[in-house]
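Please work from the sequences and hints to get the whole structure.
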Amino acid sequence: MSDVVDFAAQIEADRIARGIAEASQPMAVGVAGECDECEWWMPRLVGGLCPYCRDGRPRPADWEPPVPPNSSSAPVAPAISKEPAPMPAKSIQLPAAAQNAIRKVEELAQSKGISIGQAAAELIDREIALPASNVVTVDLCTIGVPALLDHLRAAFDDRADHSAELVALIERAEAAEVRATAAEEKLAQFKALLA
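Residues in the sequence shown are numbered from 0 upward in steps of one, following numbering that gives the first Met the number 0.
If you are wondering where the hints come from, they were derived from the structure by calculation, not from laboratory data. It cannot be assumed that every hint is accurate.
To be verified - Pairwise CB distance ranges (calculated):
(1) Arg14 x Pro42: 24 to 32 Å
(2) Pro67 x Ala95: 45 to 53 Å
(3) Met86 x Glu126: 30 to 38 Å
(4) Gly116 x Ala174: 53 to 61 Å
(5) Ala174 x Met86: 24 to 32 Å
(6) His150 x Ala175: 34 to 42 Å
(7) Arg178 x Gly116: 55 to 63 Å
None of these values were measured; they are calculated from a predicted model. Just so you know, even glycine gets a beta-carbon here, dropped at the ideal spot from N, CA and C.
Rendered as structure tokens:
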């Protein structure tokens, strides 16, 4: 029994040594051509054999032989154009508001016979000017102090009331401060216990 184990160990050592010796050798360069055994054209033959015939491996089921570069069935390299290729078209769905804005710009450009950029700038100027016309202007030289105070009170009365939100935020801050104080007291007690 011990002889069998010794023989197995010797065979294993020989295999490992042979594998290391083969691995340290550089891979043979090889040349393109037809295999001497299977007669398929391969881009790299070593000793006249393709890798499958040389190693004794079966070819994969989906294997297709490579095409020689000078063959009539070889793929033709695409012509390289010096002009950049156009960007592929993409389908973009714009929101309805954007489509309406574009339509207004195009209509204004057609009606006035101006460019789309000028029409867009004119529409933007119009929209900016509209809120300014709604603002109440007061001539300080002609108005008295009581009328000015009435205008200011009216402006502040129109403002939204945020006092309820402010009260809620103050209450939350006070509650957080109470919790923080309680946590600091517990931490001090815990440190005293550990000391």
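Hints, one by one, checked against the model:
Hint check: Arg14 to Pro42, Cβ distance near 31 Å, so the stated range 24 to 32 Å holds. Evaluation of the 45 to 53 Å hint for Pro67 and Ala95 yields a failure: the beta carbon distance comes to about 59 Å. Met86 and Glu126 have their C-beta atoms about 32 Å apart, which keeps the hinted 30 to 38 Å range intact. In this structure the supplied range 53 to 61 Å holds for Gly116 paired with Ala174, their Cβ-Cβ distance being about 56 Å.
A C-beta distance of roughly 58 Å is found between Ala174 and Met86, which places it outside the suggested range of 24 to 32 Å. His150 and Ala175 have their C-beta atoms about 41 Å apart, which keeps the hinted 34 to 42 Å range intact. A C-beta distance of roughly 59 Å is found between Arg178 and Gly116, which places it inside the suggested range of 55 to 63 Å.
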